[in-house]
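Participant: For this note's numbering, add 633 to where a residue sits in the sequence shown, where the first one is 1.
The reader is advised that the hints may include incorrect statements.
[Stated by the list, open to error] Straight-line C-alpha distance at most 30 Å; calculated DSS-like pairs for lysine-lysine:
1. Lys988 x Lys654
2. Lys728 x Lys1005
3. Lys1002 x Lys823
4. Lys988 x Lys1002
5. Lys719 x Lys748
6. Lys753 x Lys719
7. Lys794 x Lys1002
8. Lys654 x Lys794
9. Lys719 x Lys878
10. Lys988 x Lys794
11. Lys659 x Lys728
Keep in mind the hints are simulated off the structure, nothing from the lab.
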Amino acid sequence: MNNLVALCAVGAERTLGNEIKLLGYKLNGNAPGRVFFIGDDDALFRTNLCLRTADRVYLELARYHAEDFDQLFDGVYSIAWQDFFKKDSKITVDKVRTYKSKLNSEHAIQGIVQKAIYKKLGDVWRMSSLPESGEESDVRVFITEDEAQICLDLSGLPLHKRGYRTDGGVAPIRETTASVMLQLMLWRRKTPLHDPFCGSGTLPIEACLYAHNVAPGFGRRFALENLPIFNANRAHEIKCAEAEKIRTDVECRITGTDIDPSAIQRSRTNAEHACVMAGRALQMIGSDARIERPDFEVSDFKDLHAPYESGLIICNPPYGERLGEEEQAKELYRSMASLFTDFPNWEIGVITANKHFQECIARYASTLKDLKAGNLDTTFYIYNGSEKEKHFDKAGDRKKGGYKPNSRKFSSNRGKKEWR
634 MNNLVALCAV GAERTLGNEI KLLGYKLNGN APGRVFFIGD DDALFRTNLC
684 LRTADRVYLE LARYHAEDFD QLFDGVYSIA WQDFFKKDSK ITVDKVRTYK
734 SKLNSEHAIQ GIVQKAIYKK LGDVWRMSSL PESGEESDVR VFITEDEAQI
784 CLDLSGLPLH KRGYRTDGGV APIRETTASV MLQLMLWRRK TPLHDPFCGS
834 GTLPIEACLY AHNVAPGFGR RFALENLPIF NANRAHEIKC AEAEKIRTDV
884 ECRITGTDID PSAIQRSRTN AEHACVMAGR ALQMIGSDAR IERPDFEVSD
934 FKDLHAPYES GLIICNPPYG ERLGEEEQAK ELYRSMASLF TDFPNWEIGV
984 ITANKHFQEC IARYASTLKD LKAGNLDTTF YIYNGSEKEK HFDKAGDRKK
1034 GGYKPNSRKF SSNRGKKEWR
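Assemble the whole structure, with the sequences as input and the hints as a guide.
Facilitator: Rendered as structure tokens:
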């Protein structure tokens, strides 16, 4: 069995842990932005292929006490690095994280770990220097309260880079963050879902992949595939097994709108790439079935109203982070109050880094979840139907669209547009 570490947005540890358990692996604790678990050899590839909310997956090679550089060096040197690298590998200690430890100089720790790795490989292979002409492999070091954890990167590019998004537009949401939002709202495929600020289409596309049981990693490669421990035949078997789980017989109502026509074109293109990726996975098992694409149309969110009695609004509106844009963002948030009357009985989830969101929209969320991805501190605000009625005036004209699951096109109704 292997000790593994999955990274995620700070605040998403429980969501990622649930995903790992659903794959059949045993959790072994967590820390901010990290979930530890135990998995078999298949887990090295399968978790990279299947986890929707993980940013990276690491194989833990050692964990030991290190109060000084001699202990740190000796622990790294004791690892059988020759089992994990080829003789032409270029090895980089990409990041160091320390917390409440005597060793706290990240640059110095990087240098010591790098030196210990190359010393060990040089001694084993009887080489005074390594060519470093092959694939690059990354090692990450965590030192927490004087306990060093040495990890080998199995992912390569961050796992939010699924491979389907060729154009993200301005400030796109990460695919992994979108998946966390869907999980936090407990979305189910039968529930209508709409994104009124779809941008590059990430939220509807991730919902589509989730609804059809499409593993998010089918469209890319992983760093594991460059290592001697990689079993290509077994990886192909795992891919085929996951392709067998893809469901093409489900009916979903996943839609997105944006006021910008170029955003809608991006969304459609990215969705096509994602669904073609799923189609290629199905071809591996001899199926020519097709994944239904999400629907995208040009529209201002103020011109929409709900076509179904209930559903889910989920969105990532502009944050107004740049100088001069914050007031525009606040005005947008104030106008978003119309969503609560135009989509009665719908749950609404909004992610933003703007701390004035609730003040502007004049509604208090039933649930707030802080999520930190990279350097960006965001909050995910979730409003459920009962909470909206509880805190705010029930009066007013509330339009209700019909439940028409067999039609997916826009139609006008009292000057509004509705998804049908």
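Participant: So, for every hint listed, does it hold in this structure?
Facilitator: Hints and how they fare:
1. Lys988 x Lys654: It is violated: about 34 Å lies between the C-alpha atoms, which goes past 30 Å.
2. Lys728 x Lys1005: holds (18 Å)
3. Lys1002 x Lys823: holds (24 Å)
4. Lys988 x Lys1002: Distance of about 13 Å is within 30 Å: holds.
5. Lys719 x Lys748: Holds, at about 17 Å.
6. Lys753 x Lys719: holds (13 Å)
7. Lys794 x Lys1002: Roughly 23 Å between the alpha carbons, so the hint for Lys794 and Lys1002 holds.
8. Lys654 x Lys794: holds (23 Å)
9. Lys719 x Lys878: violated (35 Å)
10. Lys988 x Lys794: It holds: about 28 Å lies between the C-alpha atoms, which stays within 30 Å.
11. Lys659 x Lys728: holds (26 Å)
In this structure, the hints that do not hold are numbers 1 and 9, in rising order.
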